[in-house]
Amino acid sequence: MKLFYLVLAVFICGVPHTVAQRSVTARVIDSASQKPIPFATVSVNKSIGVISSESGDFTLHLKDQLDKDDSLYISCLGYKEKTIQLIGFKDSLIALKPKIIELDEVFLLNKNYTVDEIIAHVKDSLEKNYDFDMLKQKLFFRKSDYSYIDKKEATLTKSSIPEFNQAFVDSLLYAVPDRNSDHTEFLGEFYGKVTPDDPNTKLHIIKASRLYDKDNEMSVNALTDKLQRIIRAHVKRDSYFKVKSGWIGTKTEIDSSLFGDDKAREAEAVIEERQKQEEERKKQFLQYEKRSLAKLQHHNFIFKKSDLNFIHKNRKYEFKLENITTLHDYIVYKISFQPRHGADYKGTLYVNADDFAVIRADYENVKPIQKFSLLGVSYNEHLQEGTLLYEKNSRDKYALKYIEEKHGRKVGFKRPIKIIEKNKHVKGRRKQNEVAGDVHLILGYNDKSEMIVFESDVINESDFERYKEEPGVVPQYLSEYDPSFWEGYNIIEPNAAIKEFKSVEN
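According to mature numbering (1 follows the signal peptide of the UniProt record, and there is no 0), the residues represented by the sequence shown are -20 to -1, 1 to 486, in order.
Some hints could be false.
Label-pair ranges, simulated between beta-carbon atoms [as the list claims (entries may be wrong)]: (1) Lys103 / His278: 36 to 42 Å; (2) Asp178 / Asp49: 28 to 34 Å; (3) Ile129 / Lys77: 25 to 31 Å; (4) Lys285 / Glu133: 39 to 45 Å; (5) Lys70 / Glu441: 34 to 40 Å; (6) Gln456 / Glu260: 33 to 39 Å; (7) Gly68 / Ser358: 56 to 62 Å; (8) His420 / Glu371: 45 to 51 Å.
Treat the hints as calculated values from the structure; they're not laboratory data.
Even for Gly, the Cβ is constructed at its ideal location relative to N, Cα and C.
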């Protein structure tokens, strides 16, 4: 308690100006439309920097003491770069002026290319422009999962188990939340090649968090326990289940964990399992996040096997030169593309006129990525959109600076279900119990992944081998958004859904 008052006194009487300068929070907007500008690069002295969020917001943590020459640099494609002196800066809005070069001013370029010639040069220059070699990248990664239920109905038509009645079925459905979200974030260092052909990568997680509602899990677990008790009371241990939906059927062996063994053995198994889970927890988190990161990085137009094929299979698309703009000191072609011949995507490419590198790509699907409906079962992957930003590193090659990707899927199930317990070890008929009903479910799932690279350093094989990957971090559980968790660290500014998240218990 004494320490608290001491810190409070220092804060009030000592260094209010220093604390106030430790971070800058603002929103980047268009000076003409006053609308937010997403994906603007915000940096101090063009070194330490972040990217503005989809709402134009950013928070940039600074060193404790600022020099008089320290400045904030804000740049974005299509806008004039802005420089602001940091000392004394208190504005909450930063307005950028649009900057577009008319097409009749293309005499600024060495040669006037057609849009198809530009895309051909982009394709031919992929290998020399982008960095496919060893890198060490300090990065921040966020994955947000959103699930929702449009319909959940189950009508029991038959049950030989008294406790398994319509009221219990309704309670099962009620326990599953109609909407749920889960947000995982980590700050870490990536080692290796960002290529699908070389899966040998390493990851050092510095700090991580997971924001979700534990109460939802507890409600479902409580009903799962009740279901297990019902099964233990009525189902024989050596039985098996026959699951049928119409004329479709399958045989399923009963999981022995549904039954209680000798209490001593059960307790011993529980303890052993908990120890094993604790040992594996950190390793599993590291490996899972490494796979998630690799999946995000590899979904990229620079790779030949990627379904983002608007460069490698450019004949499937129609391109249009919209205008010419600038970023920093170089001229950039703004090119839109539309699908033809059954291609999947439309979007916009920003191409450096000097070396034909795509420095930004925005894309979205124009038709479902995958869709089917058969015998009451349906699946629709209806959304896939994203943005990729590239920046040159010390190898004078382009490496990912920022990537955002969104997916949307919907699953439907409308069929009769019959679960029959059978046992071949009893006298008489094998059929022991039967539960049947009609089920109608429509489930939706959306996810959003983001990654920003703060530092991208060139390394060699020796540097890679020297680093020993050690899983030592698990995400800290957060029941509601806590801005202090990442205090002192530069991250991607969270959106409104994350900031407003609260568990039911709160």
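Tested hints:
Against the hinted window of 36 to 42 Å, the Cβ-Cβ separation of Lys103 and His278 comes to about 19 Å, which falls outside the hint. Evaluation of the 28 to 34 Å hint for Asp178 and Asp49 yields a failure: the beta carbon distance comes to about 42 Å. Taking 25 to 31 Å as the suggested C-beta distance range, the pair Ile129 and Lys77 does not conform, at roughly 46 Å. Lys285 and Glu133 have their C-beta atoms about 42 Å apart, which keeps the hinted 39 to 45 Å range intact.
As the Cβ distance of Lys70 to Glu441 is approximately 49 Å, the hint placing it in 34 to 40 Å is violated. Look at Gln456 against Glu260: about 18 Å separates their beta carbons, and that is not inside 33 to 39 Å. Checked against the hint of 56 to 62 Å, the C-beta distance between Gly68 and Ser358 comes to roughly 59 Å, which is consistent with it. At roughly 49 Å, the beta carbons of His420 and Glu371 sit within the given window of 45 to 51 Å.
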